[in-house]
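Novice: Build the full structure now, drawing on both the sequences and the hints.
Residue strings, one per chain:
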Amino acid sequence: MNSPKFVYVTYIAITPEKLWSALTQGKFTEQYWFGTALETTWAPGSAIKFKRGNDLIVSGKVIESKPYTRLSYTWVHEKDAQFRNEKPSQVSFEMEQSGETVKLTVTHDEFEVGSKVFGMISNGWPMVLASLKSLLETGRALTVAKPECGQSLSETTAASVRGAA
Amino acid sequence: MDKVFKALADASRRKLLDRLHAENGQTLNELCQRLDMTRQAVSKHLALLEDANLVATVRRGREKLHYLNPVPINEIAERWIGKYERPQVQALAELKRNLEKSS
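Taken in order, these protein sequences are the chains called A and B.
In this text, residue positions in the first sequence follow my numbering: the first is 1, and each later residue adds one.
In this text, residue positions in the second sequence follow my numbering: the first is 1, and each later residue adds one.
Since the hints were made in silico from the structure, they are not lab data.
Careful: at least some of the hints might be erroneous.
[What the hints assert, rightly or not] 27 Å max Cα-Cα, derived BS3-like pairs, lysine-lysine:
(1) B:96 x A:103
(2) A:66 x B:101
(3) B:15 x B:64
(4) A:5 x B:96
(5) A:116 x B:101
[Claimed, not checked] Listed below are several chain A residues computed to face chain B (Cβ distance under 7 Å; list not exhaustive):
(6) 7
(7) 93
(8) 129
(9) 139
(10) 142
Beta carbons are placed, not taken as given, at the ideal position from N, Cα and C, and that holds for glycine.
Specialist: Below, the structure written as C-alpha cells:
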C-alpha cells in the first residue's frame, strides 16, 4: 500500500497573515515548537534548518512557499544516525480561511518503508499544533514535555521551561 | 469541544477511530469491510467525526481518504493534564498496561 502519511487539521482563530508569520519565522517557532528555531530564506530549493540552541535537529530543502496559502519542505531528522540515514520525508502546511478562523492542514508523508522517523513524529505533531494554537489564541504556548526520540517521556526541554516564564 | 465529546460518546464512532488508528488513510469502502455497520451508518458517523475535526479527509482522485486527527484530543488532554503532571500520568498509564498484560 501507500507509504504512511499523517494528516492533521486544526482551526485557529487568527488571521492567515499572523499564522504565516508563526510558521515561517524562527522567533515564533522557538516559542511553540519545543524551542526549535527555524532558519531559511524560504526561496524554493534553499536549505531549511531547525535548531535548538546550537543543536541541529531537522534539516531540509524548501519546496514551496506561497504566502498565506501553502508551505512545504523536506524533512531529515538529524539528531540520531538511525533517523539521519532515512530518505527525506516531506511536510506541507495548507491554510484556508474558514469563517473567523483559519483551517490549518498539516500533512507529513513520503516516508521510507519501516521508517523510524514516522513513529517519532506521530507523537510530536499533535503537541506542536496544540501549542501553536494556544500561542496564537492566548499568547501562551503550551509547556509540554517532549518525548525525546520515543525514549525519555519525562524529559522536559529547556524550551518548555522558557515557555512557562 | 462539545462536538468532540459528543462524537466520542458513541462506541461505533470510537471503533471507527480505532480502525483509523490501526491503519490511517482508509476509504469508506475499506472502513466498511469487517464492520457490523451499514455503509450509510459508517458514512454518517464519519461525517460527524469530520465535523468534530477528529477525522481529516484528503481527496485522491475519485476516492476520499480518512485520517485520524488527534489534535482535538490533544487539546483536551492539555487542558486538564497539568504540564508537570504529564510524566506521572504517563507512568501510571504504562503501569496499568503492564499489569493488565501480565495478568
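Novice: Determine for every hint whether it applies to the structure shown.
Specialist: Going through the hints against the structure:
| no. | hint | result |
| --- | --- | --- |
| 1 | B:96 x A:103 | violated (37 Å) |
| 2 | A:66 x B:101 | violated (50 Å) |
| 3 | B:15 x B:64 | holds (19 Å) |
| 4 | A:5 x B:96 | violated (30 Å) |
| 5 | A:116 x B:101 | holds (25 Å) |
| 6 | 7 | holds (4 Å) |
| 7 | 93 | violated (13 Å) |
| 8 | 129 | holds (5 Å) |
| 9 | 139 | violated (16 Å) |
| 10 | 142 | holds (5 Å) |
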